[in-house]
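Chemist: Kindly produce the complete structure, drawing on both the sequences and the hints.
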Amino acid sequence: MAGRKGRSGRKKTPTQTKELRGTNRNDRRKTSLTKTPGVPLAPEDLDDDIQQEWNRLAPVLVEFGLLTNADLLAFDMGMRAYQMWRNANAELQSIDQIQFSENGNPYAHPLVWIEKAHYERVLKFCDRFGMTPSARNGLEIQTSEEEHDPLEDALG
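Our numbering puts the first residue of the sequence shown at 87, with every later residue one more than the last.
Among the hints, erroneous ones may be present.
[As the list claims (entries may be wrong)] Computed list of lysine to any residue pairs in SDA-like fashion (alpha-carbon distance at most 25 Å, straight line):
1. LYS202 <-> LEU159
2. LYS97 <-> ASN191
3. LYS202 <-> ASP131
4. LYS97 <-> MET163
If you're looking for bench data, these hints aren't it; they were derived computationally from the structure.
All figures in this text were calculated on a predicted structure; none of them were measured in a lab.
Modeler: The structure is reproduced here in structure tokens:
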């Protein structure tokens, strides 16, 4: 059995994504979540630089409807994965990544694999919240000629 009944196959595309792509059909729409009222505050237990990232990204995602009250747990978990990746990456920069066994055989320091696992979690997080070019591919975000796109500014 490949999965639970009714859950196999491609993941459902969020309504907001369909609206941005211009492919949304009202006859197929299910109930939609409302936008988050205001921008959620960053948790105080995050590192200062991660709180700054939260405060930079959250308003942009809320503005485009990609961050709602229902998404706060996933966003928080993604930011914590980002914090763990940053910490592992900083630690990795200060050590020799290649170690040698007692027999002289080279092997990767265990922190290399930890950093890689956190990196992959952060990349999935970014993809789920539309923070990579491939995730934004096909989204039609309307901006006027005078205004610049805040999503592009925030994401570089």
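Chemist: Now look at each hint and say whether the structure bears it out.
Modeler: Quick rundown of the hints versus the structure:
no., hint, in the structure
1, LYS202 <-> LEU159, "holds (23 Å)"
2, LYS97 <-> ASN191, "violated (44 Å)"
3, LYS202 <-> ASP131, "holds (24 Å)"
4, LYS97 <-> MET163, "holds (20 Å)"
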